[in-house]
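Given chain A, put chains S, X and V in place with the hints provided.
Chains as they are written, first to last, in this note's numbering: chain A, 2 to 282; chain S, 2 to 282; chain X, 2 to 282; chain V, 2 to 282.
Source of the hints: derived by calculation from the structure; they are not laboratory data.
Mixed in with the good hints, there may be bad ones.
Since copy identity is lost for identical chains, a pair holds within one copy or between any two.
[Unchecked claim] List time: in silico DSS-like cross-link candidates among lysine-lysine, alpha-carbon distance up to 27 Å:
1) Lys230 to Lys185
2) Lys211 to Lys122
3) Lys211 to Lys185
Fair warning: this is a prediction, and the values are worked out from it, not measured in the lab.
There are 4 protein chains.
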Amino acid sequence: MGAGMARNLLRAGHRVAVYNRSREKAEALAIDGARVTETPSQACLGCEVAFTMLGDDASVAETVWSENGLARGLGRGAIHVSSTTISTALARRLAAEHARRGQRFLSAPVFGRPEAAEAQKLLIVTAGPEEIRVRCQLLFDALGRQTFVAGNEPWQANAVKLCGNFMIASLIESFGESFATLRKAGVVPRVFLDVMNALFASPLYANYGKMIATEQFEPAGFSLALGLKDVRLACAAADELAAPMPLASLLKDQFLAALAAGQADQDWCSMSRVAARNAGL
Amino acid sequence: MGAGMARNLLRAGHRVAVYNRSREKAEALAIDGARVTETPSQACLGCEVAFTMLGDDASVAETVWSENGLARGLGRGAIHVSSTTISTALARRLAAEHARRGQRFLSAPVFGRPEAAEAQKLLIVTAGPEEIRVRCQLLFDALGRQTFVAGNEPWQANAVKLCGNFMIASLIESFGESFATLRKAGVVPRVFLDVMNALFASPLYANYGKMIATEQFEPAGFSLALGLKDVRLACAAADELAAPMPLASLLKDQFLAALAAGQADQDWCSMSRVAARNAGL
Amino acid sequence: MGAGMARNLLRAGHRVAVYNRSREKAEALAIDGARVTETPSQACLGCEVAFTMLGDDASVAETVWSENGLARGLGRGAIHVSSTTISTALARRLAAEHARRGQRFLSAPVFGRPEAAEAQKLLIVTAGPEEIRVRCQLLFDALGRQTFVAGNEPWQANAVKLCGNFMIASLIESFGESFATLRKAGVVPRVFLDVMNALFASPLYANYGKMIATEQFEPAGFSLALGLKDVRLACAAADELAAPMPLASLLKDQFLAALAAGQADQDWCSMSRVAARNAGL
Amino acid sequence: MGAGMARNLLRAGHRVAVYNRSREKAEALAIDGARVTETPSQACLGCEVAFTMLGDDASVAETVWSENGLARGLGRGAIHVSSTTISTALARRLAAEHARRGQRFLSAPVFGRPEAAEAQKLLIVTAGPEEIRVRCQLLFDALGRQTFVAGNEPWQANAVKLCGNFMIASLIESFGESFATLRKAGVVPRVFLDVMNALFASPLYANYGKMIATEQFEPAGFSLALGLKDVRLACAAADELAAPMPLASLLKDQFLAALAAGQADQDWCSMSRVAARNAGL
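Isolated chain A, as found in the complex (with noise of 0.2 Å):
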């Protein structure tokens, strides 16, 4: 995902230096004019804008807190802008440890996979102080399709990217069951797929919808592993606001059945298969 973003900032003129535990990675960016540096530390330094875009909590808290970290070489007043799908909890931390230090803070997650970031067709979704989204637009604009404002506190944008992603994951566990509970009617998948995609209309539900019936989990597109993970901090953000989400707990708990069947590194659509298996599939 953030070779795709660095590239389109490239592109849009801007001057980039990139970071990346893997230095290939980075080196990569190299050709199309980034700068590559050591550590996070060093690619903030005297930079107005740093991005960052990983893999979950943990390894945006070592990004940012650890000794060679973001928060040590971003200047007062530059701006970090977490991309990363983290939990409310931790945007609200960032948000108050990046003010101690007299940092500027945003979240601003994304949906799209990474040929939707090379193609410059992300959706992001950003929320924090209005004066610090205005000065980020731009860069939003050479990022993405489309922004939207989620509020005034950063951990909002979050809390609508993992809604987002348990809408899908929600879309995965319906096509799940029907399928299910079709085969054993006898209906080949293919029929139903068809029906829906001319109810539905969508490109979401046609993609998904052809994965799950002709079981292609592999290569995943987006692991298993990272699919309960956004469901489960789904679930932690409808636990610290106590708005109980049942569909997102059904959803954890089959996450989980497929984790434990060894589905950890399937696409997460896999997830089907436990509506399969508990028919006896």
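Then chains S, X and V, alone, in the frame of chain A:
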């Protein structure tokens, strides 16, 4: 629904006799060329194909098997096409009873609201013996924009239809939980709706999302009582096929809670208020 | 069950005529003094009170309303006491049909296994018109150790019985999930069972806990197919009363998954294996 | 809880130093012979075994690792016994951190309310290295009526404790759903309670059943906020072990709905009101 379907058959040049419990509704079709009859039995006399489009299992059973019912009037070799969203169990019983009388039977439930029926835009899912399906295809062409074949046993079409409605109810619940959580997070519903429209690009998400975001549940496009009926039938199909559908079970309980709260006549997407209430909203 | 009940009535000095589809089973009671009959109708001729103790709704309906059924033989003013675990809907229908014939009707489902029936230790839950309940109390005293009155409408006793079985199924599921988690935690099942016995001090926890901990599911004391039937009826009662029971819905889905895995004839507490399987055990 | 435990240790002839954030609570134990101290660290100086009995993970972490915390005062080879209901994750961290300091660690969570603690009737579940368990057995004998060994790793005892509380919460939910359904069926709650007492013969069913039937939720014996915390920890244990617990997930959502309705300080069995409300009661 039935009126639009009848008009489209007339427009296509077919001769149509109609029956409705409310005679006025039938008579409204007389100006379009329909012959108005007194009983289901009478409507079927001498016809090749008899469509039923009713409210539920009970009304279909009565229309078919009461004293002046369809089964009395329908000739040997003539075809009954059932378009009501009925249980798979009733579909099997209809197939068996018609066979016993030397009559033929197809299931052909549809997706689409009355406006779609009028506009010849229904999606038709049919199942039954191939020969009969082929004979009815011209009629289906007159009624809808696309016909899907679920299998050679009529009840398979009903299973597909019930799973399709389950898919829509699932999206309602996922929206309901997301909006409840996000409202407690201080995120304006419209923002999440915009993101979801960009993400799913589906007219169903746009329509239901808007109704749920704005809590406009009246007048009902499709009543909660009917929605509960359909999810109940989906659960019944899952039960008889021994294919557990935990999400369908969740939906049934949410619909029941909405019913207990007096929402029977609101739109079925008002089921989203259950998640809101359980979040203290 | 019926045999033990009949013997206890004979022991208490009542005259008893018996009918069973398997004539040998009825004849086994002849040595205890029962008059063996050819049909339900014949068994009821001239009797004051007729008990039915059968397998499910269908067998009760057939025994009562078939050509030589109970309803034919039972005299005006005579009482039908239904002890089968049936649906609340069938109980209402029985009450209505018997009333139409000038006959009386009580529901009196029981808790207890065949051994308890033999030992006069059943728990009897009855409901129906007070006058009739009073007249039958002597019989109930002969059959069980305690009688509870659920109300004046027969179906209320069935609702209580179904909720009681739901309570037991809930304890099975809670044990199943605990044992699955603890086995993955490396805790010996016996330890948890000992703690729970000390905590709950209930013979039901002791019995079911032991069966689940040791996975001894055969021979079945109460089959999974019957357990599923009862939970299905509990869900149906919840549905008609518009009282969502999400735990009952969960149980139904777990039973269905067990059924799909071929466990119909195992003890109903083998439902706990679903949680184990979904944990990868 | 802690007061009763301290008194029983004193009664058994042990020397006891106590610390409590509310000094008065500690001083109340002075007349029984306890030495009152100013900090956790001070309380542990020179002691062989240090018990902690606190509210949650956060208070344990603070009591152990703050500046004047237990970990500072506890000598090499001395034992920390944690009796709080904490997460399995914190138990593992405690074991690791104490080991790093040359200190020993046991988990020994308990079942029982403050009255049981006073009366030496706690059920103690312990886990940790055998040698340490053996050394502490005399102390456990002074505190409770029975000790159970969950394994050689401390966190296993916490897993057992969390599953035990999950079992109790499950019975609360099953009662809640049954009473809601039966109230809509017109059955007096007392009747169902009597039947369940005859059926389960368990003091826990008697106590919780009565509270739920009569809706007496104040004062709280164990608060709903703490109940939610424990079910949350059970879900977390299930998550880290990849053992889906759908019933635990359901309970968490019901507790959250109760919390959202303002019931945090009521008894945890007031969670039953969620089922009642969703039934329109």
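Taking the hints in turn, this is what the structure says about them:
no.: 1; hint: Lys230 to Lys185; in the structure: between (31 Å within a copy, 20 Å between copies)
no.: 2; hint: Lys211 to Lys122; in the structure: both (22 Å within a copy, 24 Å between copies)
no.: 3; hint: Lys211 to Lys185; in the structure: within (18 Å within a copy, 35 Å between copies)
Checked against the numbered hints given earlier, the structure satisfies every one of them.
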